[in-house]
Amino acid sequence: MSLFENLSQKINHVFSKLRNKSGLTELELKEAMREVRLALLEADVNYIVAKDFIKNVTDKAIGTDILKGLDSSQQIIKLVNEELIELMGSKLSKLAIADRPPTIYMVCGLQGSGKTTMCGKLAKLLSKDKKVLLVACDIYRPAAIKQLQVVGEKAKVEVFEMGQSNPVKIASEAVHYAKDNSFDIVIVDTAGRLHIDETLMEELKALKKNIIPDEILLVVDSMLGQDSVNVAQKFNEDLNVTGIILTKLDGDTRGGAALSIKEVTGKPIKYIGVGERMEDIEPFHPDRMASRILGMGDVLTLIEKAQDAISEEEARKLAKKLKTQSFDLEDYLDQLESIKKMGGMRSMLNMIPGVSGKIKEEDLDEKAMEKTKAIILSMTPAERRDPDIIKSSRRKRIAKGSGTTVQDVNKLLNQFEQMKTLMKRMKSGRFKLPF
Amino acid sequence: MSFFNKLKEGLKKTRENMGRKFFEAFKAKELDGNFYDELEMAMISSDMGVTATEQVLEELKSTLPKKKITKPAEAKEELKRILLESIDYIIPEYTMPLVLMISGVNGVGKTTAVGKLAHLFVTQGKSVVIAAADTFRAAASEQLEIWAKRAGVRIISSMSGSDPAAVVFDTLASAKAHNTDVVLIDTAGRLHNKVNLMQELKKINKVVEREMPDADKRNLIVLDATTGQNAVTQVDVFNDAIDIDGIILTKLDGTAKGGVIMAISADYGLPVYYVGIGEQIDDLLPFNAEEFINAII
Chain B
1 MSLFENLSQK INHVFSKLRN KSGLTELELK EAMREVRLAL LEADVNYIVA KDFIKNVTDK
61 AIGTDILKGL DSSQQIIKLV NEELIELMGS KLSKLAIADR PPTIYMVCGL QGSGKTTMCG
121 KLAKLLSKDK KVLLVACDIY RPAAIKQLQV VGEKAKVEVF EMGQSNPVKI ASEAVHYAKD
181 NSFDIVIVDT AGRLHIDETL MEELKALKKN IIPDEILLVV DSMLGQDSVN VAQKFNEDLN
241 VTGIILTKLD GDTRGGAALS IKEVTGKPIK YIGVGERMED IEPFHPDRMA SRILGMGDVL
301 TLIEKAQDAI SEEEARKLAK KLKTQSFDLE DYLDQLESIK KMGGMRSMLN MIPGVSGKIK
361 EEDLDEKAME KTKAIILSMT PAERRDPDII KSSRRKRIAK GSGTTVQDVN KLLNQFEQMK
421 TLMKRMKSGR FKLPF
Chain S
1 MSFFNKLKEG LKKTRENMGR KFFEAFKAKE LDGNFYDELE MAMISSDMGV TATEQVLEEL
61 KSTLPKKKIT KPAEAKEELK RILLESIDYI IPEYTMPLVL MISGVNGVGK TTAVGKLAHL
121 FVTQGKSVVI AAADTFRAAA SEQLEIWAKR AGVRIISSMS GSDPAAVVFD TLASAKAHNT
181 DVVLIDTAGR LHNKVNLMQE LKKINKVVER EMPDADKRNL IVLDATTGQN AVTQVDVFND
241 AIDIDGIILT KLDGTAKGGV IMAISADYGL PVYYVGIGEQ IDDLLPFNAE EFINAII
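Line order of the protein sequences matches chains B and S.
Numbered according to my numbering, the first sequence terminates at residue 435, and the numbering increases by one at each position without gaps.
Numbered according to my numbering, the second sequence terminates at residue 297, and the numbering increases by one at each position without gaps.
Don't read these hints as lab results, they were simulated from the structure.
These numbers were taken from a predicted model, which means no experiment stands behind them.
Each residue gets a CB set at the ideal place from its N, CA and C atoms; glycine is no exception.
Hints are not guaranteed to be accurate.
Below, a sample of chain S positions facing chain B; criterion: calculated Cβ distance under 10 Å [claimed, not checked]:
| no. | residue |
| --- | --- |
| 1 | Phe-136 |
| 2 | Ala-225 |
| 3 | Pro-271 |
| 4 | Glu-279 |
Pairs of lysine-lysine, PhoX-like flavour, derived with a Cα cap of 25 Å [said to hold, decoys possible]:
| no. | chain 1 | residue 1 | chain 2 | residue 2 |
| --- | --- | --- | --- | --- |
| 5 | B | Lys-367 | B | Lys-320 |
| 6 | B | Lys-30 | S | Lys-149 |
| 7 | B | Lys-51 | S | Lys-21 |
| 8 | S | Lys-61 | B | Lys-51 |
| 9 | B | Lys-55 | B | Lys-30 |
| 10 | S | Lys-21 | B | Lys-146 |
| 11 | S | Lys-21 | B | Lys-234 |
| 12 | S | Lys-21 | B | Lys-55 |
Assemble the whole structure, with the sequences as input and the hints as a guide.
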């Protein structure tokens, strides 16, 4: 998925310059933040939102000891990530359901934002376990009703229409119809309009007053430029919308609207449209979106998993062993267990930026790890602590016990020997272990 | 009404909302850092993009001292001159028969633009036929048929889901038989990253070149004035597929300024042919660069 690729690439570029640097000067931070700001603006993030964003991150970084730390650039990425999540709404926001059916959703937005298509996608998604009615209230655009009918057919959902009559009347009739025929959900597709078209905005207000929707969903084209906030603000002022749906996030959209609208309106983004097929709709997770923007794979989850799998005490012990070169097969076994606890090699690698997706099935033999484990478990504690004592007859016994061959045992012992040599070269402090 | 008055009317809200940013900037007493900051904000807010904005600001910063300009009001004229230079192109006159292929991503107003173009050519005394080659979107040809009726022109369409290139072929055959002046081709809206749909566009393009090799053929891309920097990517990809000749900028009657054409015009050397400033059938006008700049700043 190429979502936010531009923004993600640029921000990554900024941080890659900082990586492996211990300590940052305020000047370096400000220069990096200037580049982040440009990246945000190029992604169509609103000018003011971008400015505030940069100020918040910079202030937070300067206010703490982050700049002095060894991993300051990591810490700053973490700050940026947190700030992005904050900007987009911190948590998943679900659609409201009425106490007594039917639940009514009113869908509005500018012309060409993708309202009618989105109504169909929502209908299809919700009709999995609910009875859904689509209502055609766009009486202005030529053939809009026909389009909703086609979309309804694709979604296998009934469409209510009364031709070009008054939208308020159509909607009220539709709600009655829904009650009489025990529909759970009514989705009202309204005419696209410019937010500055007062007459049409009045019509939406009248519609709202009449059908009292449980949600007023504003559909916003994610390709909108700097004007997106004005549009959202005006709709929100007039209608007090309850949620936002972003469409067309499947082009190599820069998606700045996604970053600006929640901040400006205070209303959550509930769904995103990600393609032309009826199934191409996803709930909006601010945290996952933030990770995507930063091209982070999902490093934070990885770090959390590592923290869960290895206690600080264990980590310290391990570090000491490495330093004194008393790392043995017992410890190696512990490491293998930790990797398993973290969800296995594959899931770990997939969370690492730049690696995800590039690992081929054949490159990664999860079974090999199981084999290694079996071999070590077939050794006596004395053998694990001092592998040098494992000579020919012991090797045969271990191979038999673990259901492997002597060659497998040899291979493992050789690998371990190589690893130890490698560790000797790692002068403590200069070469940091990943955990 | 003249282009200028109409545009001004259409851009009234734009001026009230965002023109104020330029206005505030030029209210400055002197040309200091603060003045340039405000100008930057005004330009980026009008979707001119970071690169174009920085280029323009740099040029302004270097020419103002050379010309000994110290007053913001004079600086404003200088800014207008720089902006004008980047979008002022001479569009070669049309010769008949003319084939205009209208493309662009979903929802920018292609179908509406085709309807309005038909009307515009009819008022100029030309005969027009429309090819409804958007066989993809639900009810697209129904929408276009209504427009064709309003404009009073012929339209060739076929069943939904059929081959767009075949519709174009039929339309060109009809145009040749009737000696029609102008052929307008409405294509399916496509997100520019959809490879198949871009191939389809190439195929249509080939059909036109083969069937009417002597026609004056222009490929126009429709851009939504409210679109941000994505418009640059759109032009980039469509231009790769079918060599774009010019731009139709729609929905200029909202609060957006369409500043993104500054970035595009400069980078691609593409002239803006028409602008759409309202919902009425005569709300599509030939573009006038100078008046456009005057109306937005």
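Now for the hints, and whether the structure bears them out:
no.	hint	in the structure
1	Phe-136	holds (9 Å)
2	Ala-225	holds (9 Å)
3	Pro-271	violated (21 Å)
4	Glu-279	holds (8 Å)
5	B:Lys-367 with B:Lys-320	violated (30 Å)
6	B:Lys-30 with S:Lys-149	violated (60 Å)
7	B:Lys-51 with S:Lys-21	holds (16 Å)
8	S:Lys-61 with B:Lys-51	holds (23 Å)
9	B:Lys-55 with B:Lys-30	holds (10 Å)
10	S:Lys-21 with B:Lys-146	violated (42 Å)
11	S:Lys-21 with B:Lys-234	holds (18 Å)
12	S:Lys-21 with B:Lys-55	holds (21 Å)
In the structure shown, a violation is registered for the earlier hints numbered 3, 5, 6 and 10, in ascending order.
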